[in-house]
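Asker: As a plain string of letters, each chain reads:
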Amino acid sequence: ILNVEQSPQSLHVQEGDSTNFTCSFPSSNFYALHWYRWETAKSPEALFVMTLNGDEKKKGQISATLNTKEGYSYLYIKGSQPEDSATYLCAFHGSGNTGKLIFGQGTTLQVKP
Amino acid sequence: NAGVTQTPKFRILKIGQSMTLQCTQDMNHNYMYWYRQDPGMGLKLIYYSVGAGITDKGEVPNGYNVSRSTTEDFPLRLELAAPSQTSVYFCASSSGLSHVTQYFGPGTRLTVL
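Quick note, the sequences are listed as chains Y and G, same order.
For the first sequence, the working numbering begins at 34 and goes up steadily by one.
For the second sequence, the working numbering begins at 7 and goes up steadily by one.
Hints listed in this document are in silico derivations from the structure and should not be mistaken for laboratory results.
Treat the hints with caution; some may be incorrect.
FRET-style restraints, in silico, Cβ to Cβ [what the hints assert, rightly or not]:
#: 1; chain 1: G; residue 1: S101; chain 2: Y; residue 2: P59; range: 20 to 26 Å
#: 2; chain 1: Y; residue 1: N53; chain 2: G; residue 2: P81; range: 39 to 45 Å
#: 3; chain 1: Y; residue 1: P59; chain 2: G; residue 2: T13; range: 31 to 37 Å
#: 4; chain 1: Y; residue 1: P115; chain 2: G; residue 2: G22; range: 42 to 48 Å
#: 5; chain 1: Y; residue 1: S43; chain 2: G; residue 2: I18; range: 26 to 32 Å
Subject to a maximum C-alpha distance of 35 Å in a straight line, what follows is the list of computed DSBU-like cross-link-like pairs (lysine-lysine) [to be verified]:
#: 6; chain 1: G; residue 1: K63; chain 2: Y; residue 2: K75
#: 7; chain 1: G; residue 1: K63; chain 2: Y; residue 2: K90
#: 8; chain 1: G; residue 1: K50; chain 2: Y; residue 2: K90
#: 9; chain 1: G; residue 1: K20; chain 2: Y; residue 2: K133
#: 10; chain 1: Y; residue 1: K133; chain 2: G; residue 2: K63
#: 11; chain 1: G; residue 1: K15; chain 2: Y; residue 2: K75
#: 12; chain 1: Y; residue 1: K102; chain 2: Y; residue 2: K90
#: 13; chain 1: Y; residue 1: K102; chain 2: G; residue 2: K63
#: 14; chain 1: G; residue 1: K50; chain 2: Y; residue 2: K102
#: 15; chain 1: Y; residue 1: K145; chain 2: G; residue 2: K50
#: 16; chain 1: G; residue 1: K15; chain 2: Y; residue 2: K91
#: 17; chain 1: Y; residue 1: K111; chain 2: Y; residue 2: K75
#: 18; chain 1: Y; residue 1: K111; chain 2: G; residue 2: K50
Rough simulated footprint, nothing fancy, chain G against chain Y, three-plus residues with beta-carbon under 8 Å [as the list claims (entries may be wrong)]:
#: 19; stretch: 75-81
#: 20; stretch: 136-145
Predicted, not measured: the structure shown is a model, and the values here were computed from it.
The beta carbon of each residue, even a glycine, is placed where N, CA and C say it ideally should be.
Given only the sequences and the hints, what does the whole structure look like? Please build it.
Answerer: Following this line, the structure appears as structure tokens:
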């Protein structure tokens, strides 16, 4: 059974703080690592798809790094805003599994104004 | 462009009742997926399809059935509803090409009493 773990489970920060959280995944049979942003009462929306060891992706104040050899990815938010409050999901895409994603349980971020 | 649509948005069922959750996408995606989301558990794959006429089980298929008679539609059937099936159900689709993200519908909140 493939296991994808995210930590911490939840995080409360003040507006303007920078924060980061972790996604751990199997280091074998790696194909891609997806990050999604999921706001309450909405559906998950794609942030990044990362494929190569050492990949770094950036979208506004959100960035992510990837280490496929040790099986982890970090998501960073610089200068958090209340609108960044959401659950951030990572999903492991293994090779040969017909597009199936194995999701972590998510990190829920609450940014206080 | 509607993307992925799901109906109904909410439903309450009695134990033993049956229902079908509808999912339609207008992006001509070959790949479609059904997930359930339980608190603190992330998204679990129920069934998926790589094209019309082809379906396969995911992580948690028991108690569910699917069909894929067209590219656009991927209904999920609950035959004998049980309280353990109380959850939020998300349908998603992707083009199935390498490293492509999944696009999610708005979800169906199902309660079985």
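Asker: Checking one constraint from the list: CA of G:K50 to CA of Y:K102, max 35 Å. Satisfied?
Answerer: OK: G:K50 and Y:K102 at ~25 Å, within 35 Å.
Asker: Is Y:K111 within 35 Å of G:K50, Cα to Cα?
Answerer: Cα-Cα ~30 Å, so holds.
Asker: Below or equal to 35 Å on CA atoms is what counts here, so check G:K20 against Y:K133.
Answerer: 32 Å, holds
Asker: Are there three or more residues in the stretch 75-81 of chain Y whose C-beta lies closer than 8 Å to some C-beta of chain G?
Answerer: holds (count 5)
Asker: Can you confirm whether the C-alpha distance between Y:K145 and G:K50 stays at or below 35 Å?
Answerer: Status holds; Cα separation ~30 Å.
Asker: Would you check the hint for Y:K102 and Y:K90, treating anything up to 35 Å between C-alpha atoms as holding?
Answerer: Roughly 18 Å separates the two Cα atoms, so the pair holds.
Asker: Just to make sure I understand the rule, a stretch counts as covered if three or more of its residues have a C-beta closer than 8 Å to a C-beta of the chain. Does the stretch 136-145 of chain Y meet that for chain G?
Answerer: Holds: 4 residues of the stretch 136-145 of chain Y have a Cβ under 8 Å from chain G.
Asker: Range hint 39 to 45 Å: satisfied by the CB atoms of Y:N53 and G:P81?
Answerer: Holds - the Cβ-Cβ distance for Y:N53 and G:P81, about 40 Å, lies within 39 to 45 Å.
Asker: Would the pair Y:K111 and Y:K75 pass a check requiring their Cα atoms to be no farther apart than 35 Å?
Answerer: 23 Å, holds
Asker: Regarding the pair G:K63 and Y:K90, is the alpha-carbon distance no greater than 35 Å?
Answerer: 32 Å, holds
Asker: Sort out whether Y:K90 lies within 35 Å of G:K50, counting only the CA atoms.
Answerer: Between G:K50 and Y:K90 the Cα gap is close to 26 Å, so the pair holds against 35 Å.
Asker: Would the hint linking Y:K102 and G:K63 be met if the CA-CA limit is 35 Å?
Answerer: 29 Å, holds
Violated hints: none; the structure is consistent with every hint.
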